[in-house]
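If you want the building blocks of each chain, they are given just below.
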Amino acid sequence: MTGRHSRKMSRLLAALLGCVAAALVAPAAEAAGKTVYFLSWGGTIQTMLEKEGWADEFKKDTGYEVTLVPKATSAEIIATAIAQKDKPQVDVVMCDHPAWVQGLHQGIFAAVDQESVPNLADLYPIALIKEDGKTMGVYAYGDVVGILYQPEIFKKNKWAPPTGWKDLMRPEFKGKLIIPPVSNTFGLYTLIEFAKMGGGGIDNIDPGFAELKALAPNVLDWTTTFAKIGEFFESGAAAIAVFSAGTGLEFKKRGIPVAVAMPDPAYLSPTSIGVMKNAPDPEGARVFMNWLLSPKVLAYRANRFGQIAMNKKVELTGEAAELLPPASEMAKLAVIDYDAVLALRPAWNERFEKDVAPVK
Amino acid sequence: MASIIPSDDGHGGAAPVRRRAAPGLIWFPLACVLPLVVLMLGFFLWPLLGAIVNSFHPYGLAGIDSAHWTLVNYRTLLDSFYLGVLWRTVRISFLISLITAVLAYPVAWYATRLRPTAQAYLLILYVSPWLVNVAVKAFGWTVLLSPRGLINRSLMSLGLVDSPLPLMFNETGVVIGLVHAHFMFVLLPLWAALGGIDRNLLWAASGLGATGPAVFRSIVLPLTLPALLAGMIINFTINMAAFATPALLGGSRVQVVSTLAYRINLIDLNWPLGAAMALVLLAVTLALVLAAQRLGTARREASA
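Quick mapping for you: the protein sequence lines, in order, are chains A and B.
Numbered per the numbering used here, the first sequence spans residues 1 to 360.
Numbered per the numbering used here, the second sequence spans residues 1 to 304.
Mixed in with the good hints there might be a few duds.
Only pairs whose alpha carbons sit at most 35 Å apart, straight line, appear in this in silico DSBU-like list of lysine-lysine [as the list claims (entries may be wrong)]:
#1 A/LYS360 - A/LYS130
#2 A/LYS228 - B/LYS137
#3 A/LYS174 - A/LYS228
#4 A/LYS228 - A/LYS332
#5 B/LYS137 - A/LYS156
#6 B/LYS137 - A/LYS277
#7 A/LYS59 - B/LYS137
#8 A/LYS313 - A/LYS134
#9 A/LYS253 - B/LYS137
Estimated spans, in silico, between C-beta atoms of each pair [stated by the list, open to error]:
#10 A/GLY236 - B/PRO222: 48 to 54 Å
#11 A/VAL359 - B/ILE124: 41 to 47 Å
#12 B/GLY42 - A/GLY236: 47 to 53 Å
Note that these hints are calculated values from the structure, not bench results.
Here a beta-carbon is modelled for each residue, glycine too, at the ideal position from N, C-alpha and C.
Generate the whole structure from the sequences, applying the supplied hints.
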């Protein structure tokens with residue numbers, strides 16, 4: 001190694017060390033202000049806070065800053081939260097309820113009350129998540145399970161549009177049907193609904209698996225993500241899919257020709273929010289949770305992303321008013337017994353992979 | 001791991017002359033390595049130890065039960081379903097390495113015959129898939145391989161097939177995607193080794209009447225075997241751990257250990273079972289790598 005080389009290397013090393021040092025110092029400097037760390041998705045939540053100016057809005061409303069810690073899926077969000085349960089670095093956690101409830105059972109959430117989170121008073125009663133009489137978290141908003149289909153393909157083949165769960169079994173959809181796997185929230189609802197149709201339910205899931213297995217040869221793919229379903233629809237590979245109704249609206253906005261049928265019963269798929277136990281800033285955490293549950297924020301999410309607000313004071317306008325269920329319908333939405341499902345789900349996931357997924 | 005690196009057997013160069021190095025030349029490299037060592041200890045070895053400990057704890061709804069010790073996670077993995085997934089992972093990974101080796105030989109051979117600049121361009125071409133994000137690559141393959149993709153539409157409009165060939169959501173898709181993604185790990189060592197072969201040996205062999213295949217079998221293959229094995233071992237281990245490509249091109253129908261580990265760790269949150277699985281994957285991969293290396297050294301010693 002020549003001297004010139006060695007000097008170059010030392011400079012490179014110094015630069016690298018500098019970067020490391022800067023990275024170590026930066027978060028410490030940031031934490032000096034009053035910042036709430038919010039663990040949630042990188043999708044519409046990030047769009048809202050970072051692209052559409054709602055983080056600034058939060059600062060204007062409360063004086064606090066918010067930093068989003070974004071993850072791709074609910075499972076990753078709750079896994080991150082559980083991983084730091086002994087020494088939390090985030091204040092507020094929000095994700096799909098079936099994942100959120102896993103965190104609840106591991107005791108990672110702190111109770112909240114109306115004093116610190118006044119907006120709790122305006123939520124639908126169904127939204128409060130109680131444990132031993134205390135509110136451990138709430139549904140912030142929800143989506144309903146929908147049957148998404150491509151009207152053009154249906155018209156071309158002279159198929160009748162789907163209206164309910166039974167339509168998924170129609171033989172003409174062979175190779176064009178998408179159902180998420182049971183490990184996915186919407187796949188879970190499908191399994192439970194199939195079990196009910198076969199005379200079973202959460203406590204007798206066998207008919208559900210029998211039906212999924214019978215349907216498996218018709219399934220193009222057991223798809224988990226919004227993006228991939230969109231791709232299947234866009235390429236014309238899929239004609240019909242089970243996913244969230246809100247996803248259907250988002251596809252429409254992106255120019256993918258999709259219609260949504262609301263099956264009966266329509267399952268509410270809630271998104272839950274809670275404050276971490278021993279959060280770095282417990283007060284700021286509650287301020288943020290209250291802000292997120294405010295009519296202003298939830299109305300924005302309803303109108304912008306088609307999500308069903310859990311705050312009674314939210315008023316819907318335009319497209320959202322037409323497409324989302326009105327307040328009078330809220331009570332009719334089916335909610336599954338998540339506590340009962342939680343204990344059974346790992347076994348269901350495994351059974352799905354053993355018995356259903358390999359079937360062609 | 002030192003023996004994974006292609007040895008200089010095929011190059012025939014003289015051993016470098018040992019000289020006394022200045023003190024700076026000893027300490028400086030050590031100082032350079034130190035950050036990485038610290039990083040590996042803190043972010044690889046420590047979590048790995050944590051995973052080993054976790055894999056012996058039971059898991060319940062309340063989380064990991066660190067008060068109790070159990071072998072139940074390893075027993076679960078003995079179930080035929082998990083063994084089947086492990087076997088599929090090993091089988092596909094090996095198949096990919098094998099296909100890659102067969103395909104890489106002609107490319108490497110061709111490359112060594114080009115001018116140096118042309119060689120560089122050709123190699124960059126083959127390295128470039130590694131520089132593209134794995135999800136982007138997989139979506140690219142979807143455009144080609146899906147039932148309505150370019151390949152199937154072309155075949156159908158040419159009347160060669162009646163219904164789309166199943167090119168993805170099965171093992172075929174995973175194999176195609178990974179051969180493409182990890183090609184350079186076999187190609188590069190092979191190219192280096194082939195470049196080091198003394199061409200006079202080949203002329204001599206043909207001069208003595210050896211046919212093309214005979215020259216390959218008795219000269220090229222033995223001389224490049226260490227590099228080939230090294231490349232295949234690296235290729236194999238990366239195939240074993242691949243996640244995004246199997247997830248996107250295999251779909252939910254083709255489970256491999258990494259996609260199953262994702263479900264167990266991140267959806268079921270059963271970290272003890274996930275840890276046991278990771279350790280089994282690590283052990284199986286290491287065992288196979290060591291076996292391959294032993295095979296390589298045995299061959300070399302036998303021929304020496």
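So, going through the hints one by one against the coordinates:
1. A/LYS360 - A/LYS130: 43 Å, violated
2. A/LYS228 - B/LYS137: Holds: A/LYS228 and B/LYS137 sit about 14 Å apart, inside 35 Å.
3. A/LYS174 - A/LYS228: 19 Å, holds
4. A/LYS228 - A/LYS332: The given pair, whose Cα atoms are some 31 Å apart, holds under the 35 Å limit.
5. B/LYS137 - A/LYS156: 33 Å, holds
6. B/LYS137 - A/LYS277: Roughly 41 Å separates the two Cα atoms, so the pair is violated.
7. A/LYS59 - B/LYS137: With a Cα-Cα distance of about 40 Å, the restraint between A/LYS59 and B/LYS137 is violated, given a limit of 35 Å.
8. A/LYS313 - A/LYS134: 23 Å, holds
9. A/LYS253 - B/LYS137: 26 Å, holds
10. A/GLY236 - B/PRO222: 48 to 54 Å: Holds, since A/GLY236 and B/PRO222 (Cβ atoms, about 53 Å apart) stay within the stated range.
11. A/VAL359 - B/ILE124: 41 to 47 Å: 44 Å, holds
12. B/GLY42 - A/GLY236: 47 to 53 Å: 50 Å, holds
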